[in-house]
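Residues 439 to 564, numbered by my numbering, are exactly what the sequence shown covers, in order.
Derived by calculation from the structure, the hints in this document are not laboratory data.
It should be emphasised that the depicted structure is a prediction, and the values quoted were computed from it without experimental measurement.
Among these hints, one or two may not hold up.
[Unchecked claim] Each pair of labels, with its calculated beta carbon distance range:
no., residue 1, residue 2, range
1, Ala516, Glu453, 18 to 24 Å
2, Arg457, Glu527, 41 to 47 Å
3, Glu527, Ala471, 26 to 32 Å
4, His487, Gln512, 33 to 39 Å
[Said to hold, decoys possible] Once the Cα atoms are required to be at most 25 Å apart in a straight line, the calculated SDA-like pairs of lysine to any residue come out as:
no., residue 1, residue 2
5, Lys526, Leu493
6, Lys526, Met480
7, Lys509, Asp472
Cβ atoms here follow ideal geometry from the backbone N, Cα and C, with glycine treated the same way.
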Amino acid sequence: MRFTYAPSIHRDFPELATRVLSVEGLTPNAPVADPVARFIAMAQQRIAHSTESDLPEIQAWRRAFGKMGLKPTQYRCAAEALLRRLRKEGALLACVLSRPAVLKWMRRGFAAAFVGLGVKLALIQR
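Given these sequences and hints, build the entire structure.
Structure (structure tokens):
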């Protein structure tokens, strides 16, 4: 697998630190309820005494969005939007977790890592 960016991305975002994860052997029926519950608990602990905007991963995305001329609080990244919903409502609604795209990610193991921020977002200030 080869993963590259346009030269302009490296020029405009020299702090970009990217990792690619390739997973084989997962099936569409992988049990995800327990891992998702653990990752949601981890996320709740991380935002228990602050807001999602205080997390370094979210701050990095906000800086990147701002650098592109976007309003970071108007155009939140998906991780921030999910964490915000989790903080405000105390849980992720079943309707969010039952969306076909989310179920597809969960079956592939991505949503669990994403929801818990187990995988750091790409733009982390060094």
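Hint check:
A beta carbon spacing of about 21 Å between Ala516 and Glu453 agrees with the range 18 to 24 Å that was offered as a hint. Judged by the Cβ atoms, the range 41 to 47 Å given for Arg457 and Glu527 is violated: they are separated by roughly 31 Å. In this structure the supplied range 26 to 32 Å is violated for Glu527 paired with Ala471, their Cβ-Cβ distance being about 19 Å. A C-beta distance of roughly 26 Å is found between His487 and Gln512, which places it outside the suggested range of 33 to 39 Å.
Taking the CA atoms of Lys526 and Leu493, the gap is near 16 Å; set against the 25 Å cutoff, the hint holds. The straight-line distance between the Cα atoms of Lys526 and Met480 is roughly 16 Å, inside the 25 Å bound, and the hint therefore holds. Distance hint between Lys509 and Asp472 is unfulfilled; the C-alpha atoms sit about 36 Å from each other, more than 25 Å.
Hints 2, 3, 4 and 7 from the list above are not met by this structure, while the remaining hints are.
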